[in-house]
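2 protein chains.
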Amino acid sequence: MDESERTILDATYRALCEHGYAELTMQRIADESDLSKATIHYHYDSKERLFDRFLDYLYERYTGRLDDLSGETARDRLDALLTMQLADEAADPGIDFQTAMLEVRAQAPYDEAIQETLSTFDEALVSRLRETIADGVEAGEFDEHVDPDLAADLLTTAIKGAHTRRVAVRHPLDRSYEAARTYVETYLVREDASEVTA
Amino acid sequence: MDESERTILDATYRALCEHGYAELTMQRIADESDLSKATIHYHYDSKERLFDRFLDYLYERYTGRLDDLSGETARDRLDALLTMQLADEAADPGIDFQTAMLEVRAQAPYDEAIQETLSTFDEALVSRLRETIADGVEAGEFDEHVDPDLAADLLTTAIKGAHTRRVAVRHPLDRSYEAARTYVETYLVREDASEVTA
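Chain order of the listed sequences is A and B.
Heads up, the first sequence is in the UniProt record's numbering, so the first residue is 1 and it goes up one at a time.
Heads up, the second sequence is in the UniProt record's numbering, so the first residue is 1 and it goes up one at a time.
Be a bit skeptical, because a hint or two may be false.
[Said to hold, decoys possible] Computed spacing ranges between beta-carbons, pair by pair:
1. D111(A) - E144(B): 42 to 50 Å
2. M1(A) - T39(B): 31 to 39 Å
3. G94(B) - D31(A): 54 to 62 Å
4. P172(A) - T39(B): 21 to 29 Å
5. D34(B) - Y110(A): 28 to 36 Å
6. R14(B) - E48(A): 27 to 35 Å
7. S4(B) - G64(A): 50 to 58 Å
8. E191(B) - S70(A): 13 to 21 Å
9. M1(A) - E185(B): 45 to 53 Å
10. L69(A) - D68(B): 40 to 48 Å
11. D31(A) - E144(B): 56 to 64 Å
12. D76(B) - H43(A): 58 to 66 Å
These are calculated hints, taken from the structure and not from any lab test.
Owing to the predicted nature of the structure, the values given are computational and were not obtained by experimental measurement.
In this text, a Cβ means the ideal position worked out from N, Cα and C, and glycines have one as well.
Construct the entire structure; sequences and hints are all you get.
Written out as structure tokens, the structure reads:
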């Protein structure tokens, strides 16, 4: 990615947080950068094309963050993932970004390219959860009866629902975090897990 | 509610499913009824006012459906609620309506009246879940360690997330239903529940 592309994509991020998806324009993106609208048009001939590229860029950042999650045990890695998605206010995008992303999700049924990219985000989260939970079951940290597929699906759905409720009805994110974390600690983690991993 | 009000609200429902929230107009609502646009304007002086009334109407229908859920045991009533929200294709609104409602949710941060009404929907679902789970714990059907507040929050979040994923990434609703139902059957229901309730 060259420097002006990065400048444009970072400006898109700021313009999206500031104005929302419905009000996002090339001019507003230009206003958030030191580039002219003409320069942005030189790189992307339409807002749609720029936005598709922007979603790819978000996807790269998102999977990068998923890959960076560390932890010695599966339980630690799962907790880091829930923290990243539901609790880490510093690292996590703020509510303005999530507000814009809910608009983008609502737009998905009308825009195949958006829907396709959002599906890759969804699948990246599901597979990371599934993998982590399966690792934990295999290592004896999580209960052997846990079905990694179903547990990953429930947690993905809970994470997406937490973001929707946060934006639509101002439901506190830390409350959703507590509910998801309690599910993991109470039902996935084996009662004698600390002995197993010690 | 008089007859023309009902006609208008039912036409709003159809127009919303057909065109989505962004493209909803008084003309399109009129087109779905046998009333003129002028008659609709006589009842509601703006689309915003009509839509606020429409959301109240949906709320009455929604709480009516929640109140109608029956079942001898708490476990039955909880299952009926999950079925209504996640599985009952016949009774449940179809994907067109849920697509429109995701647009409405995305609009909520920009419209206080919408956000307020959506919050009452959210609260109605949470309290019904909380009540049903607390009944089940009290009756010995559900495990005594279940926290009705946290379990109700997790299920509400999972239901909202299921609707978001269904619309945004075409995640199958029956998969979310299976994940939520497995959570209830595996973790909330006491292992010896059938003996208790028999």
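Hint check results:
1. D111(A) - E144(B): 42 to 50 Å: 49 Å, holds
2. M1(A) - T39(B): 31 to 39 Å: 57 Å, violated
3. G94(B) - D31(A): 54 to 62 Å: 41 Å, violated
4. P172(A) - T39(B): 21 to 29 Å: 44 Å, violated
5. D34(B) - Y110(A): 28 to 36 Å: 29 Å, holds
6. R14(B) - E48(A): 27 to 35 Å: 30 Å, holds
7. S4(B) - G64(A): 50 to 58 Å: Given range 50 to 58 Å: holds, Cβ gap about 57 Å.
8. E191(B) - S70(A): 13 to 21 Å: This hint is violated: roughly 37 Å between Cβ atoms.
9. M1(A) - E185(B): 45 to 53 Å: 48 Å, holds
10. L69(A) - D68(B): 40 to 48 Å: 45 Å, holds
11. D31(A) - E144(B): 56 to 64 Å: The hint (56 to 64 Å, Cβ to Cβ) holds, given that D31(A) and E144(B) are roughly 59 Å apart.
12. D76(B) - H43(A): 58 to 66 Å: Holds: the Cβ-Cβ distance is about 59 Å, inside 58 to 66 Å.
Of the numbered hints given earlier, the model fails hints 2, 3, 4, 8; all others are met.
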